[in-house]
Amino acid sequence: MVLKKKIIVWFRQDLRLNDQEALWTAFQDDAIIIPLFIWSPKDEKKWPIGNASRQWLKQSLELFSDSIKSKGSRLIIRQGAVLDTILEMVDEVKADGVFWGRCYEPYNIDLSTKLKTALKKKNLIAESFNTRLLFEPWEIATKQGNPFQVFTPFWRTCQKMSENIKKPFPEPETLNSVPSSISSESISIIQLKEKNHWKFTTQRPWEPGEKGAVKALEHFSKDGINQYSEERDRPDHQGTSRISPHLHFGEISPRTIWHHLTHISKRTSNTQKKDEIEAYLRQVIWREFAYHLLYHFPHTVEQPLRAAFNEFGWEQEKNLLKAWKEAKTGFPIVDAGIKELLHSGWMHNRVRLIAASFLIKDLLIHWIEGARFFWENLVDADLANNTMGWQWVAGCGADAAPYFRIFNPVTQSQKFDPDGVYITSWLPELKKLPAKWIHSPWLAPLEVLKQADIELGSDYPYPIVDHDEARKKALSLFEEMREKTKD
DNA sequence: TAGCTCGTTGGACAA
DNA sequence: TTTGTCCAACGAGCT
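Residue numbers for the first sequence, in the working numbering: 49 to 535.
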């Protein structure tokens, strides 16, 4: 009789059973599988998991643990430094090796490398799999063999290579049991921080976990996809897929999304629908692009991709930053966005752009401050996406907007939330203000404000900056930076 | 290799 | 009210 191999499958940002190549490979090898999750925020260095993400993770793990149980196995949860914990576990259960899905944050790459070396030294099996991306960051390159820094050619290359995207792996029908002698921590070891406690609201309910992720995809692909390219920009409508937190925690794989939507696209003769699906898949490729950049330019989590921006004259106005974080800027679209973030752990993409542009170009505060605030409060906080997004808005990242493109928070608000429906859903104090004035209450006649029961300065703040002046100042600082870095 | 084209999400102003 | 044009800059990526 052949002795079965014993494999620890270490789960990180791939909390699902479907299209889980690490798990599926161990299952196909007929190995005895020990599913493991490690709670180890200290290993995450300067980007330890934020409060909103913790809350999501707790629920996601709870559900993942249940689905593993339903297959006859048990998820082992341990706490401590990743390397020590795995090596101890390997000895404890006399494992023959470890399988895991790859992560691409600099600290995670470092951990994987060290783990592989340590396991190989012990003559054990160490295998990592692609569980998070359509393409590995090193599989896509320009014709010169360099990493891409512009999205469109990256997108075209991905399209050409899309035939290679593997079909999702099925989930194992059953799993072996895990001996009760192997101890596990409770999920309650994942503690929320006391301050700035993020709460679920009933206003925008989420359903974490693999089932919730599949439901979100099915709902979106039946309905939302048909007007995606227009509707995705409307925070007052439900035009986006809302799949981002599911993708971040790996409750669904991008391959599943890709194949599900390309299948629909192939079946329909409706060219508009095909275009809408392509518009959405383009966004999925933006996520790939973010990982491509994170992998090839890992310093960008702290430093600008364009070095010239190290010379930019950022301001250090603590009070302005505080007002932004507390939704007290006096610009309703910005404040509504921050409120949405604090109350629901999520912010509409268009509003993220407006709020980010306001922090950077109106308040002239360094993008890293905004990146850290988002990191702490978003349920979909993702180092690759967050870094790319903030650098894009700041103009210091890949494919960034030219310096003179500065969002006007009032015209953006008028364009994408014309009736102020989004604004008033998060700022009820402005409910009685007519749509004409909702985007810039400080311009409303006193009579109108009175009728709307608003006294500026007490019910709702005065604007903390004058946008036109702030814009001019930003442009002159960019000009200074260009002079300084000219050569 | 040198030159050419092009770039997720814009704004201001004029007609 | 909508549509068109310029803003003005630069480097990536291709041929």
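Keep in mind that the hints were calculated from the coordinates and are not lab data. All values derive from a computational prediction rather than experimental measurement. C-beta atoms are modelled at their ideal positions from N, C-alpha and C, and glycine is treated no differently. Heads up, some of the hints might be wrong.
What the hints assert, rightly or not - Calculated cross-link-like contacts (lysine-lysine; reagent style DSS-like; alpha-carbon spacing at most 25 Å):
1) K373 / K463
2) K214 / K322
3) K191 / K270
4) K208 / K322
5) K241 / K54
6) K191 / K168
7) K53 / K191
8) K322 / K90
Stated by the list, open to error - Quick list of simulated restraints, FRET-style, between CB atoms:
9) K93 / D271: 55 to 65 Å
10) Q499 / K93: 31 to 41 Å
11) P476 / Q331: 29 to 39 Å
12) K168 / K94: 42 to 52 Å
13) D271 / K498: 41 to 51 Å
14) W334 / K520: 24 to 34 Å
15) E477 / N212: 21 to 31 Å
16) K93 / D139: 43 to 53 Å
Status of the hints after comparison with the structure:
1. K373 / K463: With Cα atoms ~24 Å apart, K373 and K463 stay inside 25 Å; holds.
2. K214 / K322: holds (21 Å)
3. K191 / K270: violated (38 Å)
4. K208 / K322: holds (17 Å)
5. K241 / K54: Not OK: K241 and K54 at ~37 Å, beyond 25 Å, violated.
6. K191 / K168: With Cα atoms ~35 Å apart, K191 and K168 exceed 25 Å; violated.
7. K53 / K191: violated (43 Å)
8. K322 / K90: Not satisfied, since the Cα-Cα distance of roughly 45 Å exceeds 25 Å.
9. K93 / D271: 55 to 65 Å: violated (41 Å)
10. Q499 / K93: 31 to 41 Å: Hint violated: Cβ distance 53 Å, outside 31 to 41 Å.
11. P476 / Q331: 29 to 39 Å: holds (31 Å)
12. K168 / K94: 42 to 52 Å: At roughly 29 Å between Cβ atoms, K94 and K168 fall outside 42 to 52 Å, so the hint is violated.
13. D271 / K498: 41 to 51 Å: With a Cβ separation near 42 Å, D271 and K498 satisfy 41 to 51 Å, so the hint holds.
14. W334 / K520: 24 to 34 Å: holds (32 Å)
15. E477 / N212: 21 to 31 Å: violated (53 Å)
16. K93 / D139: 43 to 53 Å: violated (26 Å)
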